[in-house]
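There are 4 protein chains.
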Amino acid sequence: MNSIDKKYSEEIAKLKQEVYDANMLLVKYNLVIHTWGNVSGITKDRKYMVIKPSGVDYATLKPEDMVITDMENNVYDSKYKPSSDTPTHTLLYKNNPEIQGIVHTHSTNAVAFAQAGKDIPCFGTTHADNFYGPVPCARALSPEEINGAYEHNTGLVIIETFNNRKLDWKATSATLVKEHGPFVWSFKSPKDAVDLALTLEEIAKMAIKTLIISNNSAQEAQKALIEKHYYRKHGKNAYYGQK
Amino acid sequence: MNSIDKKYSEEIAKLKQEVYDANMLLVKYNLVIHTWGNVSGITKDRKYMVIKPSGVDYATLKPEDMVITDMENNVYDSKYKPSSDTPTHTLLYKNNPEIQGIVHTHSTNAVAFAQAGKDIPCFGTTHADNFYGPVPCARALSPEEINGAYEHNTGLVIIETFNNRKLDWKATSATLVKEHGPFVWSFKSPKDAVDLALTLEEIAKMAIKTLIISNNSAQEAQKALIEKHYYRKHGKNAYYGQK
Amino acid sequence: MNSIDKKYSEEIAKLKQEVYDANMLLVKYNLVIHTWGNVSGITKDRKYMVIKPSGVDYATLKPEDMVITDMENNVYDSKYKPSSDTPTHTLLYKNNPEIQGIVHTHSTNAVAFAQAGKDIPCFGTTHADNFYGPVPCARALSPEEINGAYEHNTGLVIIETFNNRKLDWKATSATLVKEHGPFVWSFKSPKDAVDLALTLEEIAKMAIKTLIISNNSAQEAQKALIEKHYYRKHGKNAYYGQK
Amino acid sequence: MNSIDKKYSEEIAKLKQEVYDANMLLVKYNLVIHTWGNVSGITKDRKYMVIKPSGVDYATLKPEDMVITDMENNVYDSKYKPSSDTPTHTLLYKNNPEIQGIVHTHSTNAVAFAQAGKDIPCFGTTHADNFYGPVPCARALSPEEINGAYEHNTGLVIIETFNNRKLDWKATSATLVKEHGPFVWSFKSPKDAVDLALTLEEIAKMAIKTLIISNNSAQEAQKALIEKHYYRKHGKNAYYGQK
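Protein chains in written order, with the UniProt record's numbering: chain D, 1 to 243; chain L, 1 to 243; chain P, 1 to 243; chain C, 1 to 243.
Possibly wrong hints are sitting among the right ones.
[Said to hold, decoys possible] In silico DSBU-like links for lysine-lysine, alpha-carbon gap of 35 Å or less: (1) P:Lys47 - P:Lys14; (2) P:Lys243 - C:Lys233; (3) C:Lys228 - D:Lys79; (4) C:Lys81 - P:Lys233; (5) P:Lys243 - C:Lys243; (6) C:Lys28 - P:Lys191; (7) D:Lys94 - D:Lys233; (8) C:Lys233 - D:Lys44; (9) P:Lys81 - L:Lys205; (10) C:Lys44 - C:Lys236; (11) C:Lys44 - C:Lys243; (12) P:Lys191 - P:Lys166; (13) C:Lys81 - C:Lys47; (14) D:Lys14 - D:Lys79; (15) C:Lys236 - P:Lys14; (16) C:Lys191 - D:Lys81; (17) D:Lys166 - D:Lys79; (18) L:Lys7 - D:Lys243; (19) C:Lys236 - P:Lys243; (20) C:Lys236 - C:Lys14; (21) D:Lys79 - C:Lys170; (22) P:Lys191 - C:Lys62; (23) L:Lys47 - L:Lys94; (24) C:Lys188 - C:Lys166; (25) C:Lys170 - D:Lys205.
Everything labelled a hint here was simulated from the structure, so no lab data went into it. Here the structure is a predicted model, which is why all the values come from computation and not from measurement.
With the sequences and hints as input, model every part of the structure.
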């Protein structure tokens, strides 16, 4: 077992608590059942990640059970194995030096879009307040990608989706992995990523009901409205909230 | 910071408590997640409005955090900024001298109709008991209206809808803002507006299921039934309830 | 105010408690919001009915608030007005000398079938265990029936449905009133009627999902299965349960 | 009443507690209403089964109320009658010497697939993590099978489905009985069977939403992904969890 330098003790302890709290929020928000889902956070120097252990019951989970890894997925000072999705998390952190927290869930409505292989269309302001434009569904992994370094390749396909579509990681902070489910991230904190995962589930639910009402013919919200609502909450001219 | 005359102290304190209670009811009724939604009330002389602050967590919200504005959206004696939807609220109060409370939510099923750009049809007595005829979906705002005084223009489009369709503000006390969500008001109190917002969400949910069962071909309830149920609960011949 | 003979004191007190408990079960089962819904029971000699008062909040409701009426809808010894649906209840009790409890709700999925004007098809054993064959949707009331003795006429249309279709009131103990919602009754007790109202809501929810999966082409369960399950729970050869 | 040898006392007492706990989990997981559903377990020598009594209220159920039967459905040392589905359980235990727990529910979404007479398609990794390939819907029982030894024949039809389709009982540990509902089993324990019943309900819910989004045209997940996820959690190369 590898050990990390003692100078990290305080930061890691605080991060473990933060990541633990964010994981428990998945349960409170009804975004997971059983041992599903995982949230991670990262140290300030982006050398270590803290993530939920694999397959441990939320009811018995403790802050100290959170697992420490480096960006090459090596484990440090931990009694548990990390989430099997660890290589997806670390790749996204490496690719995006501003991401502060990542969450993966199998929440019902977001998964349904991933299983249908469709983007979540931006049908209205609830969506636009939080995600700029459609939440993309990535292409399916090839059998070679699946049988190879699967979780790493999952991260690569997410990155490919953002590159090909020229998406902004901060403005559209989620992807659906096809036939699988959502990954959501935040430039602020692990908790904020979980808050966004709840928002994603809610807009997916609204979108399904919008499709039913419109007989699958609903149109995306007009661009002016999407921009208005996104920038009402984000960027230098934001006027929602107290900041 | 503007200050209001001391003669309002007692009335404002009471109104803040009432508006706070009504906002917290949004959480109890599961009509909002995060910091979404807002409820307002108005002083007897209709000079001041009290409304939820923008983007503050419900868990930490206190009655004294409610924000005071006048009808031109100036803020008085408040440590927080008011809800960003403030200009929609004040315009509706000015336009309708009998409205006593207004609520805006992003409740799932009502938003779905707004996103589909459709009225909620009056399919039965549950609807007719509470809203006379379909709950209208307003036209989309133009890009100019969105990029201008957006929240004020949202109020104007609601008013335009009621004028064009010759609707009665008391009998049909809600509108869907297209691509956005519901605004609901009450001629009684902020709490009553929230009760109506829950009713609206419930009839929207029933309407979606009615569309599924009927393969999108359900007809609106017959006029005699709509009138019977509306007037069973409202007006001088009402016989529902204890009054 | 009329008064009933003192010999009923004990029976009425017990019945009020029973009817109150059954009404509160509507809240526990999530079958109602606000002041919606009502349950009634009847004295052994079928002279008096006890029913929820009209439009009173469940949170403040007390057993002694239940209202006593006779079979001609006259009120006795009560501080509140009875449910506005009272004439529907009394007519059903008079028409069916074995009914011991009646409940009316606006539960979401059952109302959706009533609004679509469709029977709830008997798609499987969950339904057949509790209701023999489809739960019928009555015809719409005519404008004359609506503008006349509306609640009485609602009961007449339910009776007409059972007569025309030659249905057994005990085996199929529920009807959907078109454009309105369900009435459910029990030959056992008010509580049992509420239990059946929850079952009805559940089978309506299952039926809607069955329609979605089958693209509205699902077939009713075969007759042999419907009979098997109904008679597994009911009649002299029943073998479900401990009796 | 038959009696079992005293040497079983300790094992049976432990099994009754285990089966009771698993039955109560059905309530906690919202998989049942009323007295619906049942879970069973089996002794190590596979001579006796312990199962929920028929039609007893969960609120008053106690561990000692669990009923003991042998594999020919004879009851031992029990004050209650066993679940009416007992012959289905015992037949599955006899046919599969490794099954350790069986559960039958009428959970909403799984029943909807059974009522539509359709397999639950394997649309994604949430499904593949837990069930290998589609969850099969058995053929309908014939009128003769229904009118004969119905519950025994239900077990026979499940076995026939697995034989005809050459399915692996461990990998695909659930079946839908057509026009009825799901049976789920576990090679580990009664509790694990209930955990799988919750998973089944969740993937059925996801599948219905996937069908809505895709206008009933969604494709099953690719074979490489199904195998990857199933073997990530099961078999000698599994790397999910802490084992």
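To see whether the hints hold, each was checked on the structure:
Between P:Lys47 and P:Lys14 the alpha-carbon distance is near 15 Å, which keeps this suggested pair within the 35 Å criterion. This hinted pair does not check out: P:Lys243 and C:Lys233 have alpha carbons roughly 45 Å apart, beyond 35 Å. Our distance criterion of 35 Å between C-alpha atoms is met by C:Lys228 and D:Lys79, whose separation comes to about 26 Å. A C-alpha spacing of about 14 Å is found between C:Lys81 and P:Lys233, which places the hinted pair at or below 35 Å, so the restraint holds.
Restraint check for P:Lys243 and C:Lys243: the C-alpha separation of about 48 Å exceeds 35 Å, so the hint is violated. About 23 Å separates the Cα atoms of C:Lys28 and P:Lys191, which keeps this hinted pair within 35 Å; it holds. Between the alpha carbons of D:Lys94 and D:Lys233 the distance comes to roughly 27 Å, so the proposed pair stays at or under 35 Å and holds. The hinted pair formed by C:Lys233 and D:Lys44 meets the criterion: a straight-line CA distance of about 33 Å does not exceed 35 Å.
Taken as a hint, the P:Lys81 and L:Lys205 pair is honoured in the structure, with Cα atoms around 31 Å apart against an allowance of 35 Å. With a CA separation close to 24 Å, the supplied pair C:Lys44 and C:Lys236 stays within the 35 Å bound. For the suggested pair C:Lys44 and C:Lys243, the alpha carbons sit about 24 Å apart, so the restraint of at most 35 Å is met. Between the alpha carbons of P:Lys191 and P:Lys166 the distance comes to roughly 27 Å, so the proposed pair stays at or under 35 Å and holds.
Of the supplied pair hints, the one linking C:Lys81 and C:Lys47 holds, its CA atoms being roughly 18 Å apart against a limit of 35 Å. The hinted pair formed by D:Lys14 and D:Lys79 meets the criterion: a straight-line CA distance of about 18 Å does not exceed 35 Å. Restraint check: the Cα-Cα separation between C:Lys236 and P:Lys14 comes to about 64 Å, which exceeds 35 Å; the hinted pair is violated. As the CA atoms of C:Lys191 and D:Lys81 are separated by approximately 24 Å, the hinted pair is consistent with the 35 Å bound.
Of the pairs offered as hints, the one joining D:Lys166 and D:Lys79 is violated, with about 41 Å between alpha carbons and a cut-off of 35 Å exceeded. The straight-line distance between the Cα atoms of L:Lys7 and D:Lys243 is roughly 32 Å, inside the 35 Å bound, and the hint therefore holds. Of the pairs offered as hints, the one joining C:Lys236 and P:Lys243 is violated, with about 49 Å between alpha carbons and a cut-off of 35 Å exceeded. Taken as a hint, the C:Lys236 and C:Lys14 pair is honoured in the structure, with Cα atoms around 30 Å apart against an allowance of 35 Å.
Among the hinted pairs, D:Lys79 with C:Lys170 is consistent with the structure: their alpha-carbon atoms are about 30 Å apart, no more than 35 Å. Among the hinted pairs, P:Lys191 with C:Lys62 is consistent with the structure: their alpha-carbon atoms are about 23 Å apart, no more than 35 Å. Using a Cα cut-off of 35 Å, the hinted pair L:Lys47 and L:Lys94 holds, with the two alpha carbons roughly 10 Å apart. Distance hint between C:Lys188 and C:Lys166 is fulfilled; the C-alpha atoms sit about 22 Å from each other, no more than 35 Å.
For a cut-off of 35 Å, the pair hint linking C:Lys170 to D:Lys205 stands: about 33 Å separates their Cα positions.
Going down the numbered hints, you'll see the structure goes against 2, 5, 15, 17, 19, while the others check out.
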